[in-house]
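**Student:** Protein sequences, first through last, are from chains A and B. This note's numbering applies: residue 128 is where the first sequence begins, and numbers increase by one. This note's numbering applies: residue 128 is where the second sequence begins, and numbers increase by one.
A couple of the hints might just be wrong.
[As the list claims (entries may be wrong)] Here are some of the chain B residues that sit facing chain A, going by a computed Cβ distance under 8 Å:
1. Phe209
2. His234
3. His245
Honestly, the hints are just simulated from the structure, not real lab data. Glycine is no exception: its CB is placed at the ideal position from the N, C-alpha and C atoms.
Protein chains: 2
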Amino acid sequence: MKYPCGIRKNNNNKISYSNRGMNLESDINLTNEYYLKNNIAVIYKKPTPITINKIDYPCRKDAVIKEAHFKTPSTTDYNGVFKGKYIDFEAKETKQDYFPLSNIHSHQINHLKRIIDHGGIGFIIVSFTKHNKIFLLKGEKLLDFISNNKRKSIPIDFFEQNGYSLKIKYSPRLDYLSAIEKNIMEDE
Amino acid sequence: MKYPCGIRKNNNNKISYSNRGMNLESDINLTNEYYLKNNIAVIYKKPTPITINKIDYPCRKDAVIKEAHFKTPSTTDYNGVFKGKYIDFEAKETKQDYFPLSNIHSHQINHLKRIIDHGGIGFIIVSFTKHNKIFLLKGEKLLDFISNNKRKSIPIDFFEQNGYSLKIKYSPRLDYLSAIEKNIMEDE
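When you get a sec, could you build the whole thing from the sequences and use the hints?
**Tutor:** Below is the structure:
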């Protein structure tokens, strides 16, 4: 059965909008909690930006938002601090053999460029669910690809060759900061 | 006329919940836009964290949130990168001659402590509206005060002696990064 906007119903008949990219997201959230508890880094997912149209407001703690819309994010989803360095990244899942660039908004790409220009560490984490592979790709490599290619997607091979493979473990769940520390911070 | 939770109606009879602390907030937002446009720093206000209970979801771009609540923020409102440094702060207005510590949640104070521990620059900006004075206070000084005092508020004198005075100007509106650069980054 076809639903508008490519949404499919899942088994229990609820529309599965919330699940898109939720596995990677929850793995990263667990990892960030681990980093926080173990005093390794302070990295949070930013709240989803919304525009509030209607609100019931007896007082802040009892306020109920009655109508709101999602805004297009102008930045990436995650940021924080690790060993004094500013960390900033976006995480995406894809079922394809390639990463469609349409999955990242152009202002998110501009944002990553700015982060790098100002001395921060910017990157993306992409999970190729069909391949069961997760890669961290430096923002610089992402920007290079976009500048040097007319393609609208990045093949998984590019990630294999230019990114760092991340493995799901028990704890920390997806230790992306080790990859940052070994491969990126040591270069600097 | 008295409303619950200390809310007052303003002239045009709308409940003025959104205006609390909005002057300082809009001055900081203007400043951050200036920093971004002039390639000085990348600092954003985080979206307000909410919990969504009900949503109409034909697809993401048309989604309408039908019921949501505000969550207590676990971090500060603003963060970003300036000259490679991680910047993190909270901004508050007060009509008093002192800054009530109840204006900052304990987990926001813990968050600032963590930021400092991890090599970031954490601080608060407090606007004393009655005095027409705005101060930047380093997170370290805030934490010192809390450790060494049983008082539930910080007198304005403490800000005069331990903080940096910020002036409203035309552009950039409230140049807090100059204070950071002159007084904090040079010490390091």
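**Student:** Now tell me, hint by hint, if it's right for this structure.
**Tutor:** Going down the list of hints, with the structure as the test:
Contact between B:Phe209 and chain A, as hinted, is supported at the beta carbon level, the nearest pair being about 7 Å apart and thus within 8 Å. Proximity of B:His234 to chain A is violated relative to the hint, the smallest CB-CB distance being about 11 Å (cut-off 8 Å). Annotation: interface hint on B:His245 holds; nearest CB of chain A at approximately 5 Å, less than 8 Å.
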